[in-house]
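The primary structure of each chain is shown beneath.
Protein chains: 2
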Amino acid sequence: MASETHIDKEKCISLLTPIGDALYVIGGKWKLRVIAALHDGHKRFNEIQRAIDGISARVLSSELKELELNGFVMRIVHTKTPVVVEYEITDYARSLNDVLQSLADWGIMHRDKLKRER
Amino acid sequence: MASETHIDKEKCISLLTPIGDALYVIGGKWKLRVIAALHDGHKRFNEIQRAIDGISARVLSSELKELELNGFVMRIVHTKTPVVVEYEITDYARSLNDVLQSLADWGIMHRDKLKRER
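So the protein lines, in turn, are chains E and U.
For the first sequence, the positions run 909 to 1026 when my numbering is used.
For the second sequence, the positions run 909 to 1026 when my numbering is used.
Just chain E, with the same shape it has in the complex (with noise of 0.2 angstroms):
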């Protein structure tokens, strides 16, 4: 406790409000999980959705629209026969990275302490 309240001194800075601002954007039930699929490699739609367990096609529809106006993810349309359409994530998204990575590494953990534990 004595230990918290120096960290807390000698930081200064609040976590709070810089996580409120990111959750604002990438929080909610899918982008993250959204963006880690298309990190993946998925491109397709139907290949997005069979990746992420448990999203339906209207949900993902809408993220994926969302993320475009964020500038998260770009709509490739090839205009060959058949026409395909491809998403991809931009630059911007990869500068999530070090949350994607964090947040992965401390899913392999707590996965294994819950084997661990049972």
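No wet-lab data here; the hints were simulated from the structure.
Since the model is a prediction, treat every value here as computed from it, not as a measurement.
The reader is advised that the hints may include incorrect statements.
The list makes no distinction among identical chains, and a pair is therefore deemed to hold if it is satisfied within one copy or across any two copies.
To be verified - SDA-like cross-link-like pairs, simulated, lysine to any residue; straight-line CA separation at most 25 angstroms:
1. Lys988 to Glu1025
2. Lys1023 to Glu974
3. Lys937 to Val967
4. Lys988 to Asp961
5. Lys951 to Val967
6. Lys1023 to Asn954
7. Lys988 to Asp1013
8. Lys939 to Glu1025
9. Lys939 to Val967
10. Lys951 to Ser922
Use these hints to put chain U onto chain E, whose structure you have.
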């Protein structure tokens, strides 16, 4: 499947599964914000509620209970008069430090970008 071959070729490590695992536990609108507020040094219920913009007492109460059940938060009752209840993050919640820090860093970067674009 073509997509599987694609992943095997590219990286062999999927971000999606461990990120799904992580978000299953600490996803949602409030959990990381509550942990960040405790991290910032807020301890009393009212203090935590004031720190987190927009959270109701009912929701904060249920989030704290769930975080306590999952081993992220300790509820400490000081049995002097008047009785004082404080909340603290556990050592296990501190395993989320990299996640919190990377989210906070990204939040700061994103806000700066929006400012520059205005």
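Hint check:
1. Proximity of Lys988 and Glu1025 under a CA criterion of 25 angstroms is satisfied in neither setting, with 54 angstroms inside one chain copy and 36 angstroms between copies.
2. In the homo-oligomer, the alpha carbons of Lys1023 and Glu974 lie at most 25 angstroms apart only across protomers (20 angstroms), although the nearest pairing inside one protomer, at 36 angstroms, exceeds that limit.
3. When the C-alpha separation of Lys937 and Val967 is checked against a cutoff of 25 angstroms, the pair qualifies both within a copy, at 10 angstroms, and between copies, at 17 angstroms.
4. For the homomeric pair Lys988 and Asp961, neither the shortest alpha-carbon distance inside one copy (31 angstroms) nor that between copies (49 angstroms) is at most 25 angstroms.
5. For the homomeric pair Lys951 and Val967, the shortest alpha-carbon distance inside one copy (17 angstroms) is at most 25 angstroms, but the shortest distance between copies (37 angstroms) is not.
6. Proximity of Lys1023 and Asn954 under a CA criterion of 25 angstroms is satisfied in neither setting, with 32 angstroms inside one chain copy and 36 angstroms between copies.
7. In this assembly of identical chains, the alpha carbons of Lys988 and Asp1013 never lie at most 25 angstroms apart, being 40 angstroms within a copy and 42 angstroms across copies at closest.
8. For a Cα distance limit of 25 angstroms, the shortest separation of Lys939 from Glu1025 across copies, 23 angstroms, qualifies, whereas the shortest one inside one copy, 31 angstroms, does not.
9. Taking the closest pair of Cα atoms, Lys939 and Val967 come within 25 angstroms of each other both inside a single copy (10 angstroms) and across two copies (22 angstroms).
10. Within a single copy, Lys951 and Ser922 get their C-alpha atoms only as close as 37 angstroms, which misses the 25 angstroms cut-off; across copies the closest is 14 angstroms, which meets it.
Hint violations for this structure: numbers 1, 4, 6, 7, all remaining hints satisfied.
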